[in-house]
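Go by the hints and put chain B onto chain A.
Those sequence lines, one after another, are chains A and B. Here the working numbering is used: the first residue of the first sequence is 1, the next is one more, and so on. Here the working numbering is used: the first residue of the second sequence is 1001, the next is one more, and so on.
No lab work stands behind these hints, which were simulated from the structure alone. Note that this is a predicted model, so its numbers are computed, not measured. Any given hint might turn out to be false.
A short, non-exhaustive set of chain A residues, derived as facing chain B with CB atoms under 10 Å [said to hold, decoys possible]: (1) L46; (2) Y82; (3) K311.
Where chain A lies over chain B, by a calculated footprint (3+ residues, C-beta under 8 Å) [said to hold, decoys possible]: (4) 1247-1259; (5) 1264-1277; (6) 1329-1337; (7) 1466-1476.
We put the CB at the ideal spot given by N, CA and C, even for glycine.
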Amino acid sequence: MSQLLVLICGAGIAFADPTPPLSPTNIFAPASTPAKSIFGLSLFVLAVTGAIFLVVFTLLLYAVLKFRKRANDDGREPPQVYGSNQVELAWTIIPILIVVALVMATARVIAVVQKASPPGNAIVVTAIGHQFWWEYRYPGLGVVTANELHIPVSDPVHPAPTFIHLLSADTDHSFWVPRLAGKTDLIPNHPNTMWIDSVATGVYLGQCAQYCGTQHAKMLLRVYVQSKDEFDRWIEQQRQPASVNEAVSQGQRIFETTACINCHRVSGTVADGRFGPDLTHLMSRDTIAAGAAPNTPENLRLWIRNPNAIKPGSLMPAMQLSEQQLDALTAYLETLR
Amino acid sequence: MSTESIAWPSTTVGSRPFVDHVHEWIATVDHKRLGLLYIGFALMFLMIAGMEALIIRIQLIRPHNDFVSPQVFNRLFTMHGTTMIFFVIMPVLFGFANYLIPLMIGARDMAFPRLNAFSFWMTAFGGLLLYFSVLGGNGLYGAGSAPDVGWFAYAPLTSQTFSIGHSTDFWTLALLVSGFGSIGTAINIIATVLCMRCPGMTLAKMPLFAWLNLVMAGLVVLAVSPLTAAQIMLVIDRYLGGHFFDTQAGGSAVIWMHFFWVFGHPEVYILVLPAFAFASEIIPVFSRKPIFGYSVMVGATIAIGFISMSVWAHHMFTVGMNAAANTFFVISTMAIAVPTGIKIFNWLATMWGGKIEFKTPMLFCIAFLFQFLIAGLTGIMQGAAPFDWHLGNSYFVVAHFHYVIVGGILFCVFGAFYYWFPKMTGKMYSETLGKLHFWIFIVGFHLTFDFMHIPGLLGMPRRIYTYEPGRGWDTWNFIVTIGVFFQAAAILVFLGNLLWSYFRGKAAGSDPWDAWTLEWSTNSPPPAYNFAVIPVVRSRRPLWDLKHPDDPDWKYE
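With the rest of the complex left out, here is chain A:
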């Protein structure tokens, strides 16, 4: 019974002060046009359902308290009332009117969000869901990366939305970054599209919202909204070929002579796998294992030694490397900036 109140309060808090949100994934702290459209509709729906709740709750409570059998009851049956057509008509027509209002408000927002078409300067990204990580490709910009999506901030005067084509390499997934937009599923053999346009820079969190297998829980989403300059610098850096460093050639040899290259790609080398994340600029990312752990040398080494220690059920196999091999391989990966 109390959750409606909490819900409305939550909305109020978010409305009054969106900077320190209750949670980095609060749906009532929108920071992007589609999320704000949804937020507007949800306030309307909450107001209508809240009002219905108050009226019916009060009536129910009144009936239960007022018409309870008293201690001094005379034992006679109360008047037997069978119904009333006028009353029935009233509580049929009023709900119908409320429903019509709700449907119209909803249909408007569906159209606003779903029928938007990309302007000329829109960034287009292809997001591909994998068990249990995200692949991002920027077809127009020649960039491929994983798990951390970078997009430019959108200026209200010169909007620069990002349109995301959603594909899946295996099972169903769902892209949900609550502060930026509602979720849209990634379904194999069923391409989808969504769009976001954050008005404030920062990191926005989310995670896969459609059960996709063992490690569904640790398929986390990170969206980096950057200023135009920062974003351009990031793109420029991502387009560079992988760095080559003689000092770590031993680690590179281990990487290129084990099964690593079956799944991973490092541009300009023999490693050209597509099954796992592109590692060309691995060290430009804050996290590894789809956001499951910070990208530190210790975590990276642990991840290579035993992926199950961080993400049990991950599809990356433990390669059974010796301690020296692990050190050399980690050192090599640390140079992929």
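Frame of chain A; chain B shown alone:
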């Protein structure tokens, strides 16, 4: 109409061996015994699926907990959902329908007693098959496993590529087999209600209980059939080289979703209409008034039946349907709120001006009214498609449907247990224990499912075995888990009450509630033939007419 009984010939043997009793129960075609078998079967699975829920909640009590592995967690939520829907709620409702419909319409049994037994045993076999997966899931390869594809088993996670071993096959076959059982029982209910009513009982004079179960049975026939078809298609995909849902060979994952939800949403009404049926019998008796607006209630039920067949894709607002399709399902989803609201208003009007007695069955039904109101309103929130782009597949939807199934349906089921326990056993339950059960359960229910909405609003998706700290979800999940322990304690009180009352309860008599429908006119428990003389009725409340010859109902209907 009387409590007289037919004397057995005095040639019966004094005591019979235990196996004779077992054999009688296994071979029975009596609707009352089959009803009790359904109910006992459901209670057994309630324990199992409840334990699964408890383990799920212990795992989620804090972030990065490792009480169970992700693999085990995924099996637990799959088994919990599948068991609760198909082997707890459906059987318990079928059990009450089986037991009560012939008694309420003045018949001596269901229309097809042998089909009735067949259907029960199919359902029972399906439940055992589902749990045999724990042993047989991986075939000959060692450790067994239970299904882990979620209760709606979205393609292509169920394909052989992603689901090796036999766990998905056990899930498929369990639902296929129990689906035949459900369809059999549904046909039986339809035939019984349409053909077996006693003289004088026109369709317009049936208890609402019979009407609601009639519409429920119609929905079962329409909705379970596509599920059964989809299961067969899945078996063809997995073993006979089919590609219905094989996305890598041009199949469609979305088609599975349509098949599943064209079953799945009517299923919600299959479960809730019998719960409405309990409320529609209990609320009038404990308010001492006839149901308000009988014909409107019947009309609203039929309207719910029809509209419920057109709302299924509101489970699919996030799969990328176009704006027109989304809008259509918004309209149909919002529309179903109207007849459902009418029902709540009619129950409210039934209590209005009455003399409400707060016996345990009525307490559960009153709580149902409040909780179902909230469940309906959170349903409207999710019916607004853009809002659902956030709420769908989050913990908000988990809280919503548990509000429907526990706060709505299970509360009515508990009400029904207490209300008809005296009829079924001849013993009166303990009112003290009943009220204790109610109050502990309502505390646990609200701790768990009120607070479960909030992490959903804060971005927590369902079906995750663990979660990151720092998302504002920790406190809520802790409270939710604490509530589960209250619910578990209440269930123990409930079972204790059933057992204690069965062995130690006072004799209840044939009509302990001073009620008005035909089941209260025969002995408690009713004899095998139900009625020594087939009753003749003139109104919807035949026992009211009998008790108030000066002011009978048939003068006003």
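Outcome of the hint check:
no.: 1; hint: L46; in the structure: holds (7 Å)
no.: 2; hint: Y82; in the structure: holds (6 Å)
no.: 3; hint: K311; in the structure: holds (9 Å)
no.: 4; hint: 1247-1259; in the structure: holds (count 7)
no.: 5; hint: 1264-1277; in the structure: violated (count 0)
no.: 6; hint: 1329-1337; in the structure: holds (count 5)
no.: 7; hint: 1466-1476; in the structure: holds (count 7)
Violated hints amount to a single one, hint 5; each of the other numbered hints is respected by the structure.
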